[in-house]
Amino acid sequence: MVKPRTFGYFFQSAGSSLVRNSWMTLASIGTVAVALLVLGVFMLLAVNISAMAAQVEQQVELTAHLADMSSQERTRLQSELEAIPGVVEVSLVTREEAWQRLLEWYGDDRGFLAGWEEDNPLRESFEIRADAAQRMGEIAAQVKALRGVAEVVYGREIIEQLLSITRMVRLVGIGLMAGLALAAMFIIANTIRITVFARRREIGIMRYIGATEWFVRWPFIIEGLALGVVGAVISASVLAWGYYFAVRALVVAIPFWPFAAPWPLLQQLALVLLGLGALIGVCGSGMSVRRYLDV
Amino acid sequence: MLELRKVTKAYPNGPIALKDVSLAVSQGEFVFVVGQSGAGKTTLTKLLLREEKPTSGQIIINGRDTTKMKSREIPYLRRSIGVVFQDFRLMPNWTVEENVAFAMVVVEASPRLIRRRVAKVLELVGLSHKAKQLPGKLSGGEQQRVALARAIANQPALVIADEPTGNLDPETAWGIVKLLLEINAAGTTMLMVTHAKQIVDSLRKRVVALDSGSLVRDEERGEYHG
Numbered sequence: 001m002v003k004p005r006t007f008g009y010f011f012q013s014a015g016s017s018l019v020r021n022s023w024m025t026l027a028s029i030g031t032v033a034v035a036l037l038v039l040g041v042f043m044l045l046a047v048n049i050s051a052m053a054a055q056v057e058q059q060v061e062l063t064a065h066l067a068d069m070s071s072q073e074r075t076r077l078q079s080e081l082e083a084i085p086g087v088v089e090v091s092l093v094t095r096e097e098a099w100q101r102l103l104e105w106y107g108d109d110r111g112f113l114a115g116w117e118e119d120n121p122l123r124e125s126f127e128i129r130a131d132a133a134q135r136m137g138e139i140a141a142q143v144k145a146l147r148g149v150a151e152v153v154y155g156r157e158i159i160e161q162l163l164s165i166t167r168m169v170r171l172v173g174i175g176l177m178a179g180l181a182l183a184a185m186f187i188i189a190n191t192i193r194i195t196v197f198a199r200r201r202e203i204g205i206m207r208y209i210g211a212t213e214w215f216v217r218w219p220f221i222i223e224g225l226a227l228g229v230v231g232a233v234i235s236a237s238v239l240a241w242g243y244y245f246a247v248r249a250l251v252v253a254i255p256f257w258p259f260a261a262p263w264p265l266l267q268q269l270a271l272v273l274l275g276l277g278a279l280i281g282v283c284g285s286g287m288s289v290r291r292y293l294d295v
Numbered sequence: 001m002l003e004l005r006k007v008t009k010a011y012p013n014g015p016i017a018l019k020d021v022s023l024a025v026s027q028g029e030f031v032f033v034v035g036q037s038g039a040g041k042t043t044l045t046k047l048l049l050r051e052e053k054p055t056s057g058q059i060i061i062n063g064r065d066t067t068k069m070k071s072r073e074i075p076y077l078r079r080s081i082g083v084v085f086q087d088f089r090l091m092p093n094w095t096v097e098e099n100v101a102f103a104m105v106v107v108e109a110s111p112r113l114i115r116r117r118v119a120k121v122l123e124l125v126g127l128s129h130k131a132k133q134l135p136g137k138l139s140g141g142e143q144q145r146v147a148l149a150r151a152i153a154n155q156p157a158l159v160i161a162d163e164p165t166g167n168l169d170p171e172t173a174w175g176i177v178k179l180l181l182e183i184n185a186a187g188t189t190m191l192m193v194t195h196a197k198q199i200v201d202s203l204r205k206r207v208v209a210l211d212s213g214s215l216v217r218d219e220e221r222g223e224y225h226g
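First to last, the protein sequences are chains A and B.
Residue numbering for the first sequence follows this note's numbering, starting at 1 and increasing by one per position.
Residue numbering for the second sequence follows this note's numbering, starting at 1 and increasing by one per position.
FYI, nobody ran anything at the bench for these hints, they're computed from the structure.
Hints should not be assumed to be uniformly reliable.
Residues on chain B that point at chain A, a partial pick, calculated with CB under 10 Å [unchecked claim]:
no., residue
1, ARG72
2, LEU77
3, MET91
4, PHE102
5, ASN154
Straight-line alpha carbon distances no greater than 30 Å define the calculated DSS-like cross-link-like pairs of lysine-lysine that follow [to be verified]:
no., chain 1, residue 1, chain 2, residue 2
6, A, LYS3, B, LYS68
7, A, LYS3, B, LYS178
8, B, LYS130, B, LYS178
9, B, LYS178, B, LYS132
10, A, LYS3, B, LYS197
11, B, LYS70, A, LYS3
12, B, LYS132, B, LYS120
13, B, LYS46, B, LYS178
14, B, LYS46, B, LYS197
15, B, LYS19, B, LYS70
Quick caveat, the model's predicted, so the values are computed rather than measured.
Cβ coordinates follow ideal geometry from the N, Cα and C atoms, glycine included.
When you get a sec, could you build the whole thing from the sequences and use the hints?
Pasting the structure below:
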């Protein structure tokens, strides 16, 4: 086994190769980052789509967004709604309440909503609870038929669609990632090949002064590992930053969507990406080490 | 400490490089290996370092048959042998000190031991004052001294010097040979492959002569001849 302190030498050796082949280093890191970024984007999409499906699935509630109306009309509409068989409860959500909920939902991130207070864009709605999720279809149809109801939001039939979209997004993401990861691996392998070539003199000296095979290999493995991990860190950072801002923007555009909270989702994703990056790096350098180092 | 038993090395589609060579060297001996180019001297060195395996025969170093060693044991065999080549084989972008220390880094010696030993061997070869210089700034003789310092840094029992004076003028060459004699006097077995007739003839050490792969002469206080 190699002693821990020897890794100092390995890291130094790998580091100087990375700096010397700066173009190949950048190309390798770039492809790893792109491959993992693509995977990450698709994974985040999938997570959010299935979150929606899960939310919809549990619903025994539907929301009837209302057209502008007088309070009399509203009271009449409420009793009409309560009369529908299967409806257990009908409660009014005023525009102010809707706004408060939105603020709550955002918690500490609510700052960007500041400008909207004066001009609340939300509509009044009735939240209608049914006694069973299975009856949602018929209830929704009846609610929709009533006058003053602008839009009915409820789920069941879109769950299947959402889930199949989730599956597809996952598949496409993994497929694209696999292709790009393979490309990244070959680019890393090529980078390592160049390093092995640049160091052949040193490797020759190492061999006849009695370096073990692992001693010779380690710097190259570390170099590949570094390329993969740095690529992963870049993709994870871009994703975290992008997701944060994308959700902030999208929440306004589609407020009903249950966007997955950035934490701990991004942390988990980052760990997965780091693991994959490390794997890509080690496999890539392994390919060259096996090919060009072992005689 | 070193023994060859009926060693033959034939390269595929090539001539036989070594033919039935038997040779025994005891601890602390100084042996010249002489012969024309292509006589098998280089092959002998490669076999001793286990860069190559003989086609038949046994090579015993420190009581172990190296032809039966597994590949993961070879590094440890090489640690017991110091090697010096005609072309020095130093890393041009490392300082003298770093080049010597590298042999010890590879065997994972402690930093303290490395510092101490590197200083000691550089002093022995008379290059303490050039420790921080790059090999390119040094003369050929000095570079060979660095290589020699590196070869003995791990205190090997055997040093193989493969034409160590081949690239040096006679005066510088003598300086290297004196160092080899000093190292040998301290107990290290020395195998010097050489073309330098003058050196061989004036030292009168043991001479082993190879010709077309065969061992043709093994004299206790020999001369170069041919």
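Structure versus earlier hints - violations, ascending order: Result: hints 7, 10 break, sorted rising.
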